[in-house]
Structures are given as C-alpha cells and as structure tokens.
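Participant: Residue-level listing of the chains:
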Amino acid sequence: MSDIVRFFEDRVEGSQESLATALGEVALSSEVDDADLYFEHTTREHYSLEDGLVKKAGQEVSQGVGARIVSGEKTGFAFTEELSPRQIALALESARRIARGSGGGRPLSLSRPGRPGLDLYPTTDLALDRPVPEKIEILATIDRLCRTESSRVVQVMASLAFEQKTLQIVRADGQVVVDRIPLTRLNVSVIAQEGENRQTGSYGWGGRTGFSAIASPENLAHACREAVRMALVNLSAKPCPSGTMDVVLGPGWPGILLHEAIGHGLEGDFNRKGTSAFSGRIGQRVASPLCTIVDDGTLPGRRGSLNVDDEGTPTQRTVLIENGILKGYLQDRQNARLMGTRSTGNGRRESYAHPVMPRMTNTVMLPGETDPAEILASLDRGIYAVNFGGGQVDITSGKFVFSMSEAYYVEKGKILHPVKGATLIGNGPDVLTQVCMVGTDMSLDTGVGTCGKDGQSVPVGVGLPTIRVDGLTVGGTT
Amino acid sequence: MNTSSIPSPASSTGLAKGSKIKLEDGEEAVRYILEAARAAGATSADALYLSGVDETVGVRKGEIEKVHAAQSRGIGIRVFAGQRQSSVATSDFGADHLKSLVERAVAMAQHTAEDPYAGLPDRILPPAIDPVRLFPEEDHIPSRDELIERAKAAEAAALGFDPRITNSEGAECARSRTHVVFGNSLGFLHGYRKSSYTLSCSVIATSKDQMERDYWYVSGPLWESTENSEEIGLKAASRTVSRLGARRIKTGTYPVIFDPETARSLIGHFAGAVSGSALYRNATYLKGREGTPVMNPCMTLREDPFLRGAPGSRPFDGEGLPTRKKTLVDAGVLQTFLFDTYSARKLGRQSTANAVRSLGDGPGVGISNLIVEPGTLSQEALLKKAGTGLLVTELIGFGVSTVTGDYSRGAFGYWFEDGVILHPVSEITLAGTLDEIYKNIVDRGSDLEIRSSINSPSLLVEGLRIAGE
Numbered sequence: 001m002s003d004i005v006r007f008f009e010d011r012v013e014g015s016q017e018s019l020a021t022a023l024g025e026v027a028l029s030s031e032v033d034d035a036d037l038y039f040e041h042t043t044r045e046h047y048s049l050e051d052g053l054v055k056k057a058g059q060e061v062s063q064g065v066g067a068r069i070v071s072g073e074k075t076g077f078a079f080t081e082e083l084s085p086r087q088i089a090l091a092l093e094s095a096r097r098i099a100r101g102s103g104g105g106r107p108l109s110l111s112r113p114g115r116p117g118l119d120l121y122p123t124t125d126l127a128l129d130r131p132v133p134e135k136i137e138i139l140a141t142i143d144r145l146c147r148t149e150s151s152r153v154v155q156v157m158a159s160l161a162f163e164q165k166t167l168q169i170v171r172a173d174g175q176v177v178v179d180r181i182p183l184t185r186l187n188v189s190v191i192a193q194e195g196e197n198r199q200t201g202s203y204g205w206g207g208r209t210g211f212s213a214i215a216s217p218e219n220l221a222h223a224c225r226e227a228v229r230m231a232l233v234n235l236s237a238k239p240c241p242s243g244t245m246d247v248v249l250g251p252g253w254p255g256i257l258l259h260e261a262i263g264h265g266l267e268g269d270f271n272r273k274g275t276s277a278f279s280g281r282i283g284q285r286v287a288s289p290l291c292t293i294v295d296d297g298t299l300p301g302r303r304g305s306l307n308v309d310d311e312g313t314p315t316q317r318t319v320l321i322e323n324g325i326l327k328g329y330l331q332d333r334q335n336a337r338l339m340g341t342r343s344t345g346n347g348r349r350e351s352y353a354h355p356v357m358p359r360m361t362n363t364v365m366l367p368g369e370t371d372p373a374e375i376l377a378s379l380d381r382g383i384y385a386v387n388f389g390g391g392q393v394d395i396t397s398g399k400f401v402f403s404m405s406e407a408y409y410v411e412k413g414k415i416l417h418p419v420k421g422a423t424l425i426g427n428g429p430d431v432l433t434q435v436c437m438v439g440t441d442m443s444l445d446t447g448v449g450t451c452g453k454d455g456q457s458v459p460v461g462v463g464l465p466t467i468r469v470d471g472l473t474v475g476g477t478t
Numbered sequence: 001m002n003t004s005s006i007p008s009p010a011s012s013t014g015l016a017k018g019s020k021i022k023l024e025d026g027e028e029a030v031r032y033i034l035e036a037a038r039a040a041g042a043t044s045a046d047a048l049y050l051s052g053v054d055e056t057v058g059v060r061k062g063e064i065e066k067v068h069a070a071q072s073r074g075i076g077i078r079v080f081a082g083q084r085q086s087s088v089a090t091s092d093f094g095a096d097h098l099k100s101l102v103e104r105a106v107a108m109a110q111h112t113a114e115d116p117y118a119g120l121p122d123r124i125l126p127p128a129i130d131p132v133r134l135f136p137e138e139d140h141i142p143s144r145d146e147l148i149e150r151a152k153a154a155e156a157a158a159l160g161f162d163p164r165i166t167n168s169e170g171a172e173c174a175r176s177r178t179h180v181v182f183g184n185s186l187g188f189l190h191g192y193r194k195s196s197y198t199l200s201c202s203v204i205a206t207s208k209d210q211m212e213r214d215y216w217y218v219s220g221p222l223w224e225s226t227e228n229s230e231e232i233g234l235k236a237a238s239r240t241v242s243r244l245g246a247r248r249i250k251t252g253t254y255p256v257i258f259d260p261e262t263a264r265s266l267i268g269h270f271a272g273a274v275s276g277s278a279l280y281r282n283a284t285y286l287k288g289r290e291g292t293p294v295m296n297p298c299m300t301l302r303e304d305p306f307l308r309g310a311p312g313s314r315p316f317d318g319e320g321l322p323t324r325k326k327t328l329v330d331a332g333v334l335q336t337f338l339f340d341t342y343s344a345r346k347l348g349r350q351s352t353a354n355a356v357r358s359l360g361d362g363p364g365v366g367i368s369n370l371i372v373e374p375g376t377l378s379q380e381a382l383l384k385k386a387g388t389g390l391l392v393t394e395l396i397g398f399g400v401s402t403v404t405g406d407y408s409r410g411a412f413g414y415w416f417e418d419g420v421i422l423h424p425v426s427e428i429t430l431a432g433t434l435d436e437i438y439k440n441i442v443d444r445g446s447d448l449e450i451r452s453s454i455n456s457p458s459l460l461v462e463g464l465r466i467a468g469e
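In order, the protein sequences belong to chains A and B. Here this note's numbering is used: the first sequence runs in plain steps of one and ends on residue 478. Here this note's numbering is used: the second sequence runs in plain steps of one and ends on residue 469.
Bound conformation, chain A alone:
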C-alpha cells in the first residue's frame, strides 16, 4: 500500500525533516506532555434520489492539517488547509502558546510512515473508484423495488454516500502512522399514504466496506422491503400510551440505549472532571448481573471500527461493565495520562479541523441465555420496541431519551397493535439495573449511527440482544 504510505509525502511541499523540526521544537520542550500533527485528505461522494429521479450527485474534497499541543489539562489546537511546512509551523506555534513552554526543543527523529497492525477494512473495491452510472443504477433499483412493494408508497427518497479518508498522524514520540479508511452509507426512506394518513418508514445500511457489499441485490431488496414494511406498519399505528411501563427492546439498533444511557457517561473526559453521573464509580454495581457491555473498535468492516484511533493508538475491545460491575472508562491519551491510566484507543476527532476527544466505537451488550420469544411472552403489559430514531443524554444528571420509530403494544405476551413513535426517558445509572432478561440473539446494528458530542460528529456502532427493561417512562399521548 505504498500509495497510502507515500500519500502525504507527495502532497506536502517540503521534507519530513522540516516537519520533524517544527514538531520537535514544541513537542520536546518542557511543559509539553503531548503533541501531534494530523494530516487528512478526505473525498466524499453522494447521490440522491426523489420523485423517481436521481437528481443530485456531488463530490467534496477536504484536506488539512490539525496541530495539537497538550500540557496538563490544557489543549492548544489550530489547523491549516494549506499543506506547506510554513503553514504547519504557524499552526503549531499558534497551538503551543497555551503551554507557556520554555522552548529548548530539538528536531524529532521520525519513524518511516507505518500502517497499523490491524487491517479491518478493504483498501480495494472502493466505491469512489467505480463508474458513476453503477452508483446511480443502485438508486434507480431502489425506487423500483419500493414502489413494487406497495401501491401505497407515494414517495421514495434514497441516498448513497461514500467516503475515503487518508490520514497520517505524526506523534510526539516520532511515530508516523498512516491509514486509509472507507465509509459507505445507504439510506432508503419512503412515505406511504392511506387517505389523509401519511407515515414514513426507513432503512439504513453501511459500514467500512467495499462497493460490492452495498450493491448486492439481496442487500438492496432487504433495504426496500424493510423501509416499506415499516411505513405500512406505521399506517396502522395507534396512539402510544404514556407513563411508566415495562419495555422489551429488540436486537440491534435499540442498542442506542447503551450509547446514551451509559456510553457517554463512561467517556474519560467527563470522569476525569467529575462531571458524569458515573464519576468515581469503578468497581460498583451499575447494572443487573445479566449485563456485560464492551466497546469494541476492532470488529471488521463495522461503522464504528478503526485500525487506529485518531491519535495513532490501536483500537481494542474495552470491557465497560462486566456482570453488572463498572470496570472501565473510554480514554484518549490526554485523559488517560491525567487519570493515571492508558489510552483505550478511543481518541477520535471528526476531522483535521476538530480536536481529539474520548469517543465510543462500537458499543455492544453481550448475549445472555434467554430465548427472545420467552422475553416477549413474559411481558404482561408494555411496549415492544424494535426500531429507534435518535437519542440524547444529559451526562451530569444521567437522564437520557431515545425515540421509537417502530413499536408495538403488548398485553399478556401478545402483540396487540403497532403504536406511534414516542420518546422513552430514563436515568442512565438506574436503567441497566432494571434489565431483568437478556436474550441469546445479540446483533449489531446495520451501520447507521452518527454520534454528536461538542459539535463533532463521528460514525459509531451499537449492538444489543433482545432485553427486557422494567419501569421505563414511555412518552405517549394517551
């Protein structure tokens, strides 16, 4: 993969030595704990369809270098979109002013750029290399399939997006890491109408995959069937009840519960500052003994996976909760250092223009021992929620919400009818203690998650088996 290794060498006007000098000057001066340069070149391509026409196609290129200087709890950060040694040195100088270092640095000795040990995603069969008509044909197929699925479909909106990010991280220890990261995303959204009743259904799919995976006929047929099915289900949905009740969450994407209820609260920055509802609770029981939860950046091809994080640390599988006991936090280098521990490979950033923070990768609850059918059958009166929209959490109070997009009202273990979308609200530190059954059917989501924190978006994944949670507040209208 010499093209990846040499990618920035060819683009930066100037030598590795000038970089080593500029970075070394600040990184090796006293009072500086860490420093890095993050070179990024990203190409994004998108196509969208509505009204039966592929109306829009486009491409975006962004490139730049982020310079970061860390000193204790302080971070100085600057970026430039010009890949010249002079601009990079200026960015470093601007970032270093925060650490009133006494200078005295010297040139670093940089390693040859190296690829990460992990190899979780393809570097060939990339969507960007395929001819435009092939991608447009996918959307046309989706339109046809959705409309064939039901005559009640009045609108089909579909989009395809591909991204290819090439990065080079030059670290203060002289190590230079390069990687090329693909991301693909397919979204199908339909509106079905019956009289004046209009409802939506959608299906998303994606990951760090090649082109063939997204374009397979089975994949497209499944996406369309699911989107239309959801819209038709919602056409017959009745108002959702309101109040506190027991809820069964289906497998896969409902794992957003983990992301909101506990994942953010376990990020190192909040815990280092003591602002999380989980601060200082390592070793305590925070979930029922049925719950074991990990954050795993090493799952091949998944949306949240990375060979290395954005600080060049290899990703790993981090146990967050084991049999209900809080085991660990998610760390980047700065927060790990300040908390006297090691980075867990969770230092992530949206782009060169954003600073690093501890972020989740793929957050997953491991399977339990109960047959999922038995879990649903155990529900006396409550909600069976199989799909969700987004969620949000207040880290400090622990209150979190997530919004159902496909759900059913259940009595005596029987599904009676679908209910309209409604928000579920709970308290993060309590909710997992209310998990009373965990199914054998753990599945990962289909690759749709984007997590927002402090204005930065990064792709993430979740995974969940069917679980029953008692006493969640359901925000219905009746």
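Don't read these hints as lab results, they were simulated from the structure. In this text, all values refer to a predicted model and were calculated from it rather than measured experimentally. Don't take every hint at face value.
Stated by the list, open to error - Pairs of lysine-lysine residues, derived as DSS-like cross-links and limited to a Cα-Cα distance of at most 30 angstroms, are as follows: (1) B:Lys287 to A:Lys453; (2) A:Lys273 to B:Lys152; (3) B:Lys66 to A:Lys273; (4) A:Lys453 to B:Lys61; (5) A:Lys414 to B:Lys250; (6) B:Lys250 to B:Lys439; (7) A:Lys273 to B:Lys439; (8) A:Lys327 to B:Lys208; (9) B:Lys287 to A:Lys238; (10) B:Lys208 to B:Lys61; (11) A:Lys238 to B:Lys250.
With chain A fixed as given, assemble chain B onto it according to the hints.
Facilitator: Showing chain B alone in chain A's frame:
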C-alpha cells in the same frame, strides 16, 4: 430558460498552472471557478465561497483549558448540463485541482436525471439591502487575552454564586468572522462579511447524591454583545442550582408554559413543516393547509431577514435572490409556504427567496429570522393565568416528525401551582401533535428577545400530555 453565458473572468484571474487562488479574495475565486465550469462545458452554474477566522478559548476552574484557532475556507459549485446537475466542493484552492474537480462535476452531471424544474433562477436582481446595514462594523477586535478574561469572569461569577456549585464544565468565549461570496453564471456576484461573538458558561451543582448541570450563553455580532460576562455566569449558576431536587410528576394532561428557549425549539419545527421542499415531497402535515388555521388565533409569525446583527439576516438568499420580509402565520392562519426556485417551479409557484446553500450541495429551503409576535403578559402573569402546570426550560431528544406532526420529547422544568413555582421536574416527556399543540397555544408572554434566528416569547399551551410516574 436556464442556459446563459458565463461572464469572462477579470484579468486578475489569469492563473498560471499550479498556482493558488488568493485566500482573501472570494470574488476572484468564484469568478475563476465559474469560468472553469463554462470551459468544462457547463451550460450554467452557481458557486459559493466561504472563508472564516475563528478563535475559541475555554477556561475551567479558573485555568485556561483550551485555545483553538482556525482559518478555513471552502468553495462549492453546482453545475448544470442542460437540465441535469451535480455539485462539488473543496478546501484545496490549487488552480489545477479546482479545474479537475469542476470537470468531474460536469462529467457527473451527464449521468444524473434530466429534471425539467432544475436550474438557476430566471433572472438576477440586486441584493435587497446593503450588507453594511445588516452587519454592524466592528470597531474593536479582541485579543486572545481579552477572550480569556471574559470567559474567566463568567466562570468566576458562576462558581461564586452558591456553595452548591461544586464543579464546572467551564466557560467559553469565541469570535468568528465569516466572508460569504455567491455568484452565478447569470452575472450575479455579491458578498458580505459578518462577525459573531459567543460567551457561554456551564456549571454543576450538587446536593446529597444529586448532580445537575445547566448553562447560559449570549451571542451577537459585536464584542460588546458579550460584555455582561458576570451576568452570563450568574444566570448559568442560578439555572443550575434551581434544578437541584428535581423529581418526576404524575402522568397526566396539564397546561404547559414553554420558556423562550424551549418555545424557540417548538416553533422551529414549524419552520421545517412550511418548507416547499417538504410540500412537494408529501412530507409535511401542513400540506393543503394554506389559508386555513394552523395555530391559535393569538399567534402571528413573521420572517425578517433584515434584523440588524441577527444571526439569520442576509441581503440575498442561497440562490442570489433578494430576501424580503413576510408574514408566515397571521392570527393563526397559514399565509404561505417557503420556496426556493426548485420547489416553487415544481409546484407552479414563485420563489419566496428562502433558498439556503451549503458548500457541498445545491440549495434547500430555510428561513432567515423568524419572530413570534409577543403578547402583553410577563412570565409571572402567564404562570398565574395557567394556574397549575409545568414550566418547561429544556427539551431533549429527537421525537418530532414534521411528516405526521407527531411530537414526543424529554423535558426538564418546574412544577407550579396557583401560579407559584414549587419544585424542579425531570425525567418526564411531553407528547402530542404539532397541530394540536400550535392550536392550543392560548397566550404568549411579552418576553421576546432576539437571541437567535428563531425567536419566541414564552408560550402557554393548554392540555399537553406528560408522562412521568
């Protein structure tokens, strides 16, 4: 109707191979890329240039925690090949790169569908107003130390407010200056520069085993906008402390008062539902409702793109059309949807100059500044009028659909009886449909303040479903 010649570039854009477009000169960059599009075979095109200088400082517990400085720029172009279109954008201003990117765009456009409604506006018109009247001139640009000083002052005021303030997420002070240039192949080429200053503070209060966080912020077009830094800190602190002791309330149907911040969010959904794009997609519950009541008769909503210093103000829209004031809702009756050129053509209407444009994509529909006309009652008087119910001060989650109008969100606020606040409330949801909620807004406060692009006084909604205990 959409073919046109592209004006030839000014002589200054005669660029040698491998050269860079000058960062400071947005006009030159837009001219250059439009000319490149013409040369590549585009029949028409429009282009947006954005550049900005941003500086953000953060302090926490009295110490500087972060300093971010950025100089960024980007250019995006939409090209037409007859009735087919595509768009490209980049942050790389190398002349060769720009050329090859535009060639790529023209090639991509050959493959998209022929769309009879696609194209630039029929003609160009001058901007509605001189940008100088929208965006006040700055007489002082603060240094980094001045930014730090204000953030420190805000946080110090917050930390000193009450012994129950035990921790801090810090205070941030930021400035940005943005240069916007838009041009198209019909010969439109205009730009403006605007500045923005923000000061925010967020602290944490503790009592027994409960921990609560809240924040406050101010933003505006001038450095003076953030001068009451202590006030921001004190307000953040008092909001935070007042959340201690929050508990749930019983599930039921109650009157609910949305404070100006949450009312803004409630009205924001309306701005989405009146989009002409949503209308032609069958994706709004307001379809077919023009000229009919969509809100309580006490509600009048206006759009004003000319509010001096307001964040949504603009002299022309995302397609270069002159912006204008309009009434969206008059005494509860929907007056108009909002259209860009595309949605208007598609529905046989006229653009309302509500196109918004981002670098990477063609125009969509959006609003400049939306204002809900205030009433006469103070928030206290609204509480008295409501009697017993919930005052909402924060909403979380995404449970709103403008397609169906279904609304369900997590909320935080205060329970009041006989017009008197008794205790804070958390871990509850509010639910209904937007249509019912807007029709049940029985009164408005007098507390309108222009803080954002969507602005509302407090709103009193009768009979909203709350899920709690």
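Participant: Looking at the structure, which of the earlier hints fail to hold?
Facilitator: When the structure is compared with the hints, numbers 1 and 7 turn out to be violated.
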